[in-house]
Amino acid sequence: MYAIQTFNLTRYYGSTLAVDHINLNVEEGVLFGFLGPNGAGKTTTIKMLSCILRPTEGSARVAGYNIVENPLEVKKLIGYSPEYPVLYERLTAREFLDMTALLHGIPDGEREERVIEMLELFDLKREADQRLAGFSKGMKRKVNLAAAIIHRPKVVFLDEPTMGLDARSARLVKEIMMELCRKGSTVFMSTHVMEIAEKTCERIAIINEGVVVAEGTMEDLQARVHEKTLEDIFLTLTGGPEVKELTKYL
Amino acid sequence: MRRRIVWEIISLEFRLFFRSGYRQNQAATIVTLIFFNASFGIWMSLGSIGVSLAVQAGVLTVESIFNFLLLVFNGLLILLLLFNTLSFLAICSREEDVELLVPLPVTTAEVVAGKMVWNFLVILFYVFIPLCGLMAPVGLVLGVGVASAAFAAAILVLVASSGLAGLLGSLSLRLFKPAKMRERLLVIVSISSILGIFIFQFAFSRVFSGLPDLLRHFSLENPLWYISPATWAALFSWGLYRGAVTYAIMPIVGLLAMAFGICFFSFKYAVKTYYSILTEVRVAPRLLTPSAGRVGYPLSFLRSVLGDAGYSIFLNEVRMTRRDMYRLMQIVMLIVVVAVMFIPHVSSAPSMPLQASGFLLGMTGLLIPFMVGTIAIQCFGFEGDAFQLLKSAPVRGKQIVLGKFAFYLIVSVVELVIFLPALSVILPISPASLLTVLFSSILGCIGVLGFSMYIGVSWPDFEKVVTGLFGSQRRGVSMLGTLVYIVVVMLIYFGPNIAVFAASSFLNLPIALTLIPATIMLAIGFVALGASFKKVEELEVA
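Quick note, the sequences are listed as chains D and Z, same order.
Position in the first sequence counted from 1, then plus 39, gives you the working numbering.
Position in the second sequence counted from 1, then plus 17, gives you the working numbering.
Treat the hints loosely; a few may be bogus.
[Stated by the list, open to error] Lysine to aspartate or glutamate pairs mimicking EDC-like chemistry, simulated, CA-CA at most 20 Å apart: (1) Lys238(D) / Glu67(D); (2) Lys193(D) / Glu67(D); (3) Lys115(D) / Glu25(Z); (4) Lys408(Z) / Glu554(Z); (5) Lys179(D) / Glu113(Z); (6) Lys415(Z) / Asp325(Z); (7) Lys238(D) / Glu266(D); (8) Lys213(D) / Glu199(D); (9) Lys164(D) / Asp205(D); (10) Lys408(Z) / Asp325(Z); (11) Lys222(D) / Glu67(D); (12) Lys179(D) / Glu112(Z); (13) Lys176(D) / Glu112(Z); (14) Lys176(D) / Glu199(D); (15) Lys176(D) / Glu113(Z).
Source of the hints: derived by calculation from the structure; they are not laboratory data.
One chain only, chain D, in its complex shape (with noise of 0.2 Å):
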């Protein structure tokens, strides 16, 4: 069973193509890792999955329902963490996972506790009513992962999840993510950090261009371009100029 399905996936900005025709396929319950260089499309892509940006062409299945069709069912059944940490600066912390789960329709008596389950688990209880214009940018991050994952989504689409985080919350969004798949549900995380997506996604995408380049397990990865680690794949995949030969200008 698929938790998302991406059917010639296309978006245009104007007259720049920025996703090409992307085929995916995610099985429930994996952490699947979306890599590569900037400007790619892996933000749209997660946008367009989300329900955040409308595909120019094509379309795709989250959690069962169509993001063109069906975007408000599609939406019930996921989580979103944007790349950079966005946030209503002068909510508290409290406030904003209140009204982020009222939103996503968690009745009143439940949605105190699941508010304060996430203070505990991103360990932001101690701050959980100041105004979020005052946290520091792993604060925030941790905030918009909390609101993401509060209604037990099907789907997370984690964009850059680890960005700005130090070693020890970094460690807890990957337990968080590994925990989540084994409850079943699927997480989808793009990613600039070669050993994060090496240790802990199941499958990995590489996408440049626009165009995904290769899909696979790391084993099919590494049996495909004959590399061993995945940086190298990437680079190997992603062309480009050598770095060496870049240098030079310096």
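Add chain Z to chain D, keeping to what the hints say.
Below, chain Z alone, put in the same frame as chain D:
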């Protein structure tokens, strides 16, 4: 659940509105709101008391109260339409909503409904107490019933204003992305329906017996008056006062249809466009026509005056304004407001008394520098975090200030040079008066803008969307800064100038007296500009 979600959106907007900046308490916002309400309320009730006393003393007829209400309602409508559109633009294009509201299982209609209701509540925050201050003395003369009905009609005027603000806001935002055919069709249907309501009311007024007398009484033969819901609110109060229910029914039916009709179409259109406004305008990169390197003669001259750094700041300000919907709309709305001031006078202009013509010309000459100044005070705060880049560049404070100052000066002078001579074509004004007012306005404008640079640099607010004096909007300057600007410019420049124009109109004093407050403002502006050179060097982004 639907209602609950709409309520949650209103509650979110409420909290964002009242929590300004990084402070943990809302005292500053609340004090400013109270200050604004109190001062605005005092002015409104003073006017109302004056008219009511004059009526009781027999100096004025009782009908003058309705003329007074008509004037106030129309003034409120135009003022609130301007600020509510800006507020709507800000709350409907908030960047955070893309990442936080769009992925949630809430419908666009729920979000837009919450935002539109909030936009109306914002108006009420600002004018509820002043409206009470306005109506209390009126009630003493006309009776509580009529005053309450007039109050309710005024609230309907506000409903119409916030509906129009929604429509104007959505249309303005949509200008930045070519609309699809269905959306275009919806705009055409919405605008035609609203026009239809106006035409229906006008036609109805012509066939409704008794009403033409009433209209003549108010000198409302000009059909343009029917565009304003304020007219219908005043007519409704008048009908009730006369005890003629039939007089009152038509205006209130018209007002209700107008207010809720506008809100309905505005809501429908906003729902249709909100998603694309957020995702297409805020997320998608906009392809721009390359413009670098095109430096014509006037800009070369400016470069030689400002120097390379100052010129670069100037160009940056031009580009930022051109490509920033919110800033561009502020300038566009200023032009619209000044144009709206003209339209009702076009047909009656040639027969207008000389005094009234001079007064209108003078007011336009005052309004443009004052309004551009309110935009200019935001220019440092609007830099946001990017101000760090300016601070780290080898640019002197003087060049930063002058670069920005030059942009706003050019905007104001161009508007003055277009609007004042245009007015003199339709109004009976002598060339000498025109030149005097134009010269004085340019002098005052330099002073006001110099002072606004000092305000902008002394009280900047680098946050993106904050509570402004007129709602949740991008402000760029603290509330205190805005108040200092308004108080100083009003006391030193605006107020004395109005007195001069009034004196020259009624006492036949020379209009050249306007040069006195303009020169004083110029001197203050120069001192403030000098002080802002140093201030900007000390300015830090938190």
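Going down the list of hints, with the structure as the test:
Between Lys238(D) and Glu67(D) the alpha-carbon distance is near 19 Å, which keeps this suggested pair within the 20 Å criterion. A distance of roughly 9 Å separates the Cα atoms of Lys193(D) and Glu67(D); the hinted pair therefore holds under the 20 Å criterion. Between Lys115(D) and Glu25(Z) the CA atoms are separated by roughly 17 Å; this keeps the pair inside 20 Å, and the hint holds. Taken as a hint, the Lys408(Z) and Glu554(Z) pair is honoured in the structure, with Cα atoms around 8 Å apart against an allowance of 20 Å.
Proposed proximity of Lys179(D) and Glu113(Z) is supported: the alpha carbons are some 13 Å apart, at most 20 Å. Of the pairs offered as hints, the one joining Lys415(Z) and Asp325(Z) holds, with about 12 Å between alpha carbons and a cut-off of 20 Å not exceeded. This hinted pair checks out: Lys238(D) and Glu266(D) have alpha carbons roughly 16 Å apart, not beyond 20 Å. For the proposed pair Lys213(D) and Glu199(D), the alpha carbon gap of about 12 Å is at most 20 Å, so the pair holds.
Note on Lys164(D) and Asp205(D): the hinted pairing holds, with a Cα-Cα distance of about 18 Å set against a maximum of 20 Å. As the CA atoms of Lys408(Z) and Asp325(Z) are separated by approximately 16 Å, the hinted pair is consistent with the 20 Å bound. As the CA atoms of Lys222(D) and Glu67(D) are separated by approximately 10 Å, the hinted pair is consistent with the 20 Å bound. Taken as a hint, the Lys179(D) and Glu112(Z) pair is honoured in the structure, with Cα atoms around 16 Å apart against an allowance of 20 Å.
Proximity of Lys176(D) to Glu112(Z) is assessed by CA-CA distance (about 17 Å); at most 20 Å being required, the pair is judged to hold. This hinted pair checks out: Lys176(D) and Glu199(D) have alpha carbons roughly 13 Å apart, not beyond 20 Å. Restraint check for Lys176(D) and Glu113(Z): the C-alpha separation of about 15 Å stays at or below 20 Å, so the hint holds.
When each numbered hint is compared with the structure, no violation occurs for any of them.
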